[in-house]
Amino acid sequence: MAILETKDLRKIYGSGENEVHALDGVSVTVDEGEFVAVIGTSGSGKSTLLNMIGGLDRPTSGSITIRGKELLKMKDEELTIFRRRNIGFVFQNYNLLPVLNVYENIIYPIEIDGGKTDTEFVKQIIHTLRLEKKLENMPNNLSGGQQQRVAIARALATKPAIILADEPTGNLDSKTSMDVILLMQSISRQFRQTTIMITHNEEIAQMADRTIRIEDGKVISGGIKYAR
Amino acid sequence: MHDNRNKNAMKRVEKGMMKANSTRNLFAMSAIILTTFMITTVFSLAINYIENINLMQMRTLGTAADVSLAMPTAEQEQQITSLDYVKTVGVRYMAGSVSMKNAEGREFSIVLQYYDTAEWEKHYQKAISGFVGKYPANENEIMLSVDALSQLGIKAPELHMEIPLSYSDRNGRQERIFILSGWFHSYTGTGMGFVSESYCKNAGCTMAEDGVLSLSLQKMPDDFLRIQRDVKLNENQFWDGAVLMKSSSGSVIAMAIFLVMFIIGSGYLLIYNVLYVSISKDTRFYGLMKTLGTTQTQIKSLVKRQAVKFACIGIPIGILLATTVSFGFVPLFLEKGFNQGKSAMEAVVFFHPSIYILSILFSAFTVWIACNAPAKAAAKTSPIEALKYQNFAPQKTKNRNSKNGGKLYIMAFHNVFRDRKRAILVFMSLFMGITMILGVNGIAGSYKAENYVKQYMDYNFEYTDIQVRQYEQLQKEVPQFDEHFIEQIEQIEGIKNVEIQKTVWAGIDFDESDFGDFMKIKYEDSSYKANGQSFEQMLAGLRAYANAGEYGCYITTLMDERILEEYNENHPKKTIDLEAFWRGEIVITGWDSDYNAPNAALVGKTLTLTAKSADGKATDFLVGGAFDFMDDTNRLANSLGHHKMIEIVPDIIYVSEAGMERLTGEALISGIGVDVEEINDLERVDSELQGINRTLTTAEWNFKSAVDTVEQFNQMLYAQKLLGNGVASLLIVIGLINFVNVMVTGVAARKNEFAIMESIGTTKKQLRKILTIEGGIYALISTLLILTFGNAFLMLVADAVPNLADYAVFEYPALLVIRLIAAIFVICLSVPGIVYKLISNETVIERMRSFDN
Numbered sequence: 001m002a003i004l005e006t007k008d009l010r011k012i013y014g015s016g017e018n019e020v021h022a023l024d025g026v027s028v029t030v031d032e033g034e035f036v037a038v039i040g041t042s043g044s045g046k047s048t049l050l051n052m053i054g055g056l057d058r059p060t061s062g063s064i065t066i067r068g069k070e071l072l073k074m075k076d077e078e079l080t081i082f083r084r085r086n087i088g089f090v091f092q093n094y095n096l097l098p099v100l101n102v103y104e105n106i107i108y109p110i111e112i113d114g115g116k117t118d119t120e121f122v123k124q125i126i127h128t129l130r131l132e133k134k135l136e137n138m139p140n141n142l143s144g145g146q147q148q149r150v151a152i153a154r155a156l157a158t159k160p161a162i163i164l165a166d167e168p169t170g171n172l173d174s175k176t177s178m179d180v181i182l183l184m185q186s187i188s189r190q191f192r193q194t195t196i197m198i199t200h201n202e203e204i205a206q207m208a209d210r211t212i213r214i215e216d217g218k219v220i221s222g223g224i225k226y227a228r
Numbered sequence: 001m002h003d004n005r006n007k008n009a010m011k012r013v014e015k016g017m018m019k020a021n022s023t024r025n026l027f028a029m030s031a032i033i034l035t036t037f038m039i040t041t042v043f044s045l046a047i048n049y050i051e052n053i054n055l056m057q058m059r060t061l062g063t064a065a066d067v068s069l070a071m072p073t074a075e076q077e078q079q080i081t082s083l084d085y086v087k088t089v090g091v092r093y094m095a096g097s098v099s100m101k102n103a104e105g106r107e108f109s110i111v112l113q114y115y116d117t118a119e120w121e122k123h124y125q126k127a128i129s130g131f132v133g134k135y136p137a138n139e140n141e142i143m144l145s146v147d148a149l150s151q152l153g154i155k156a157p158e159l160h161m162e163i164p165l166s167y168s169d170r171n172g173r174q175e176r177i178f179i180l181s182g183w184f185h186s187y188t189g190t191g192m193g194f195v196s197e198s199y200c201k202n203a204g205c206t207m208a209e210d211g212v213l214s215l216s217l218q219k220m221p222d223d224f225l226r227i228q229r230d231v232k233l234n235e236n237q238f239w240d241g242a243v244l245m246k247s248s249s250g251s252v253i254a255m256a257i258f259l260v261m262f263i264i265g266s267g268y269l270l271i272y273n274v275l276y277v278s279i280s281k282d283t284r285f286y287g288l289m290k291t292l293g294t295t296q297t298q299i300k301s302l303v304k305r306q307a308v309k310f311a312c313i314g315i316p317i318g319i320l321l322a323t324t325v326s327f328g329f330v331p332l333f334l335e336k337g338f339n340q341g342k343s344a345m346e347a348v349v350f351f352h353p354s355i356y357i358l359s360i361l362f363s364a365f366t367v368w369i370a371c372n373a374p375a376k377a378a379a380k381t382s383p384i385e386a387l388k389y390q391n392f393a394p395q396k397t398k399n400r401n402s403k404n405g406g407k408l409y410i411m412a413f414h415n416v417f418r419d420r421k422r423a424i425l426v427f428m429s430l431f432m433g434i435t436m437i438l439g440v441n442g443i444a445g446s447y448k449a450e451n452y453v454k455q456y457m458d459y460n461f462e463y464t465d466i467q468v469r470q471y472e473q474l475q476k477e478v479p480q481f482d483e484h485f486i487e488q489i490e491q492i493e494g495i496k497n498v499e500i501q502k503t504v505w506a507g508i509d510f511d512e513s514d515f516g517d518f519m520k521i522k523y524e525d526s527s528y529k530a531n532g533q534s535f536e537q538m539l540a541g542l543r544a545y546a547n548a549g550e551y552g553c554y555i556t557t558l559m560d561e562r563i564l565e566e567y568n569e570n571h572p573k574k575t576i577d578l579e580a581f582w583r584g585e586i587v588i589t590g591w592d593s594d595y596n597a598p599n600a601a602l603v604g605k606t607l608t609l610t611a612k613s614a615d616g617k618a619t620d621f622l623v624g625g626a627f628d629f630m631d632d633t634n635r636l637a638n639s640l641g642h643h644k645m646i647e648i649v650p651d652i653i654y655v656s657e658a659g660m661e662r663l664t665g666e667a668l669i670s671g672i673g674v675d676v677e678e679i680n681d682l683e684r685v686d687s688e689l690q691g692i693n694r695t696l697t698t699a700e701w702n703f704k705s706a707v708d709t710v711e712q713f714n715q716m717l718y719a720q721k722l723l724g725n726g727v728a729s730l731l732i733v734i735g736l737i738n739f740v741n742v743m744v745t746g747v748a749a750r751k752n753e754f755a756i757m758e759s760i761g762t763t764k765k766q767l768r769k770i771l772t773i774e775g776g777i778y779a780l781i782s783t784l785l786i787l788t789f790g791n792a793f794l795m796l797v798a799d800a801v802p803n804l805a806d807y808a809v810f811e812y813p814a815l816l817v818i819r820l821i822a823a824i825f826v827i828c829l830s831v832p833g834i835v836y837k838l839i840s841n842e843t844v845i846e847r848m849r850s851f852d853n
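Top to bottom, those sequences are chains A and B.
For the first sequence, my numbering assigns the number 1 to the initial residue and increments by one for each residue that follows.
For the second sequence, my numbering assigns the number 1 to the initial residue and increments by one for each residue that follows.
The set of hints was computed from the structure by calculation and includes no laboratory data.
Remember, predicted model here, so these are calculated numbers, not experimental data.
Beta carbons: idealized from backbone N, C-alpha and C, even for Gly.
Treat the hints loosely; a few may be bogus.
Unchecked claim - What the simulated footprint calls covered on chain A by chain B, stretch by stretch (three residues with Cβ under 8 Å from a Cβ of chain B suffice, anywhere in the stretch; the number is not a length):
| hint | region |
| --- | --- |
| 1 | 51-59 |
| 2 | 74-85 |
| 3 | 94-102 |
| 4 | 128-139 |
Said to hold, decoys possible - Calculated cross-link-like contacts (lysine-lysine; reagent style DSS-like; alpha-carbon spacing at most 25 Å):
| hint | chain 1 | residue 1 | chain 2 | residue 2 |
| --- | --- | --- | --- | --- |
| 5 | B | 421 | B | 398 |
| 6 | B | 765 | A | 73 |
| 7 | B | 380 | B | 398 |
| 8 | A | 73 | B | 764 |
| 9 | B | 765 | A | 159 |
| 10 | B | 454 | B | 704 |
| 11 | B | 765 | A | 75 |
| 12 | B | 7 | B | 309 |
| 13 | A | 75 | B | 764 |
| 14 | B | 764 | A | 69 |
| 15 | B | 398 | A | 123 |
| 16 | B | 751 | A | 75 |
| 17 | B | 7 | B | 376 |
| 18 | B | 403 | A | 133 |
| 19 | B | 15 | B | 421 |
| 20 | A | 73 | B | 837 |
| 21 | A | 69 | B | 403 |
| 22 | B | 380 | A | 123 |
To be verified - Here are the computed distance ranges between Cβ atoms for each label pair:
| hint | chain 1 | residue 1 | chain 2 | residue 2 | range |
| --- | --- | --- | --- | --- | --- |
| 23 | A | 173 | B | 784 | 28 to 34 Å |
| 24 | A | 190 | B | 20 | 48 to 54 Å |
| 25 | A | 58 | B | 784 | 42 to 48 Å |
Whenever a hint applies, use it, and build me the whole structure from the sequences.
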């Protein structure tokens with residue numbers, strides 16, 4: 001069953017001669033529990049697509065539906081709340097909050113939602129991501145790979161509908177990159193977690209269930225799931 | 001080592017940066033303009049204030065000379081003229097004094113003098129204003145002060161007009177018609193008249209008898225001490241030194257320095273913050289520059305050169321603005337105050353190059369220290385770090401064992417203390433600003449007209465008979481006030497009490513044995529002894545007075561009953577029998593001092609007094625006590641004079657009403673004290689009293705009103721209050737700017753962090769809540785500091801206040817404290833939210849990107 005569906009998404013920057021079509025009629029569907037990689041060259045529009053899906057940016061036209069809810073009809077405040085309950089972000093530069101320690105960073109999205117922390121679940125994530133010994137550390141004291149693992153844990157903590165990862169290995173060396181991707185893959189399977197990951201690394205993309213290829217703001221292949 | 005041969009490239013980069021950061025340029029420039037403006041204003045106000053005070057003192061003294069010596073001998077004159085530390089020597093002759101009565105029968109007070117060219121040009125002209133005409137050259141020419149002219153009833157003087165004068169000089173009484181050669185405005189309070197050199201020559205004035213040498217010295221007060229050592233004086237000569245109030249200008253300078261330091265601190269914070277935020281924003285850019293091979297020194301100088309550019313434009317504009325204010329607006333205010341009679345100080349604006357030199361130096365210093373740290377930070381950016389860089393707000397590195405850091409209020413708390421240095425700066429600037437405001441206000445508030453009146457007047461309205469307050473008033477005293485007059489006063493609505501002082505002169509039977517000890521003590525400190533006369537010679541003189549019926553003093557009624565009670569409390573060993581006093585059996589003599597107490601020797605003796613009145617007869621009184629100067633502070637009593645200037649006699653004898661009745665039924669009403677119920681009624685009662693005063697047909701009386709005293713007080717403090725309020729408002733502005741600045745930059749600096757928080761689901765409402773709590777924490781801690789350390793500081797101020805002026809009474813500015821704390825809370829709670837709203841208009845991703853690229 002499709003957990004995410006975008007229809008004819010367009011994003012136009014500038015006007016007249018300077019008009020740039022960052023997204024040019026993108027339609028994509030993703031099923032629950034799927035681990036999808038979006039691949040494309042620099043400037044192809046993959047990050048723009050991810051930001052649209054995450055509600056961080058608004059498209060010029062088109063529609064985005066997550067768990068049957070139409071994102072573009074929501075007001076800002078509503079969208080933010082929808083985001084914290086349904087979407088987990090993993091950024092290339094980790095974006096951890098510097099005033100919070102590792103544990104606090106992980107449970108932050110739950111806290112701001114006023115929800116009760118599912119301690120067992122959080123423990124499980126922490127264990128899976130091998131962060132038990134780092135819980136009291138401040139982000140500044142962690143290596144890049146460790147910071148990214150914390151970011152993944154934070155994204156998972158609210159049990160979101162989708163995890164959106166924007167080049168999660170972009171700042172990591174190849175060994176650590178592989179480590180992080182394997183973790184994401186295993187989490188996707190273990191928790192049946194829908195994950196959309198941007199990368200420009202073919203090898204990493206191969207580890208996903210499906211690869212969506214984007215060029216010049218258009219989906220070249222993989223936009224819709226076909227039975228293997 | 002390779003030279004850096006890329007100056008041109010750096011210049012191009014600098015140009016580009018200046019162009020690209022127009023908003024930052026505007027902020028930085030404004031910060032520098034504001035800082036310079038405030039520094040220049042403070043310097044200009046302080047220097048002008050000191051100069052004006054000095055000018056006012058010089059004008060009141062009536063000379064710019066430092067010391068003078070009356071009746072110098074030829075040798076002294078020669079010696080003084082040859083001293084190398086004597087700058088100018090002026091010569092004055094006391095030519096005479098005008099003794100005429102005007103239409104109301106009041107005597108004139110116009111002093112006639114001759115000043116030589118040096119004295120007139122170098123010493124006197126500086127102390128006067130509005131000079132018209134020329135100094136008299138011919139014998140019949142005269143020049144008068146506006147005061148003197150108005151005493152003569154001349155309102156519109158004209159050159160060469162005739163001035164008929166009856167005056168006395170060394171040759172006795174003279175009548176003459178002078179020709180007016182000029183006039184001027186003097187500030188000494190006495191009428192001044194100047195005559196020519198030829199007048200003095202013909203009148204036979206000589207240096208040794210009528211002359212005064214007036215000197216300005218190189219260095220005061222050192223040279224004053226030197227000349228006292230170097231020139232030997234005769235017995236009756238003394239140096240008259242005009243010592244200026246150096247202590248007052250000292251405190252003004254100290255205050256100005258403190259203020260300037262405070263402004264430098266605030267200016268530093270302002271400029272530093274603007275530059276720091278801009279550099280943090282450009283971290284990636286600096287990293288890139290380094291990657292491309294720009295050295296640390298080059299980056300540092302890149303930042304500093306931009307700061308210099310800002311300074312080159314900002315400092316002159318700031319100085320220009322301050323000049324407009326201090327030369328345009330402030331004098332306008334003072335002038336207006338002076339013209340309306342609100343200020344005793346005329347606005348004279350001084351152009352002092354030092355104001356500008358100091359302002360430029362201090363402003364440049366502020367810019368330099370403010371750009372130093374950001375320049376270093378820019379230079380130290382590592383290319384690798386710069387690429388990863390997201391937040392310039394400092395990162396915590398120490399581990400923390402907590403699980404609730406995500407709660408909004410705890411996050412807010414951590415945010416406040418994330419940069420300790422910055423937090424301390426905010427607290428300090430808020431705390432110091434407000435404490436200074438409280439201090440300045442506390443001091444200003446302690447100068448209250450009400451306290452001033454209390455200190456300098458015993459009653460709200462005082463009537464005095466001036467006949468009994470003069471020395472050597474030998475004519476028979478004429479009653480100035482009568483019972484009917486008193487009744488009229490009593491009938492005015494709102495009068496609390498009317499107290500009457502009665503006085504009569506009485507002869508004292510000169511009993512040498514009774515007066516023995518008294519006379520011995522008096523002799524020790526008398527002019528008889530100083531002039532080398534023996535005790536016996538003095539005694540012979542006193543006997544002569546006694547035989548002529550002139551040995552005696554004023555007998556007056558004690559006005560205030562509390563004085564006696566206080567006396568008995570303060571002197572438990574020599575209490576006065578109050579009942580006997582009120583019955584009129586005993587009298588009190590005065591006045592003694594700590595080192596000289598002749599009157600005490602009279603206690604226990606019986607004096608036979610005979611009032612100089614129709615019903616006066618010899619009456620015996622026992623001396624029941626002796627007052628010293630401090631025992632009766634009522635000015636109506638202690639201003640009484642001597643009928644005949646006899647030194648060895650009690651200065652005064654106090655009796656009760658009953659005692660006065662025993663002595664005479666015809667005592668003069670010599671003083672009336674009137675108090676009102678309500679201080680607000682002062683002006684109304686004043687005008688009613690003025691109305692009654694017009695019914696008096698006599699002229700030898702004086703009326704002192706608290707209304708005038710309040711006015712005099714306001715005049716005296718007009719300029720000071722203006723300055724105090726100016727300083728206080730400046731402080732409020734600085735405090736506010738500091739806080740808003742820190743809040744704005746604090747929020748702007750975390751723009752990216754807020755965007756991240758939003759991206760993972762923190763709503764704008766929650767973010768605003770965090771910021772509001774942060775503001776609340778700032779407000780709370782500042783309030784705590786104000787209530788503890790601030791109050792401790794105020795206690796120090798309260799301690800110092802009585803030293804500032806004898807009438808100053810410190811009052812805790814409670815209302816102001818409450819208002820300021822309320823203001824802090826309003827600002828602290830609202831500003832961060834407003835700033836966040838302003839910066840959060842872009843979408844989350846735009847804000848996150850603005851730091852990424």
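Structure-based check of all given hints:
1. 51-59: holds (count 5)
2. 74-85: holds (count 7)
3. 94-102: holds (count 6)
4. 128-139: holds (count 4)
5. B:421 - B:398: holds (17 Å)
6. B:765 - A:73: This hinted pair holds, its Cα atoms lying about 20 Å apart.
7. B:380 - B:398: Holds, at roughly 23 Å.
8. A:73 - B:764: Cα-Cα ~18 Å, so holds.
9. B:765 - A:159: With Cα atoms ~23 Å apart, residue 765 of chain B and residue 159 of chain A stay inside 25 Å; holds.
10. B:454 - B:704: holds (13 Å)
11. B:765 - A:75: Cα-Cα ~13 Å, so holds.
12. B:7 - B:309: holds (17 Å)
13. A:75 - B:764: Satisfied, since the Cα-Cα distance of roughly 12 Å is no more than 25 Å.
14. B:764 - A:69: holds (22 Å)
15. B:398 - A:123: holds (23 Å)
16. B:751 - A:75: Satisfied, since the Cα-Cα distance of roughly 22 Å is no more than 25 Å.
17. B:7 - B:376: Between residue 7 of chain B and residue 376 of chain B the Cα gap is close to 20 Å, so the pair holds against 25 Å.
18. B:403 - A:133: With a Cα-Cα distance of about 15 Å, the restraint between residue 403 of chain B and residue 133 of chain A holds, given a limit of 25 Å.
19. B:15 - B:421: violated (33 Å)
20. A:73 - B:837: holds (23 Å)
21. A:69 - B:403: It is violated: about 33 Å lies between the C-alpha atoms, which goes past 25 Å.
22. B:380 - A:123: violated (41 Å)
23. A:173 - B:784: 28 to 34 Å: Given about 50 Å between the Cβ atoms, the range is violated.
24. A:190 - B:20: 48 to 54 Å: holds (49 Å)
25. A:58 - B:784: 42 to 48 Å: Check passed, 46 Å falls within 42 to 48 Å.
The structure fails hints 19, 21, 22 and 23 (numbered hints given earlier, in ascending order).
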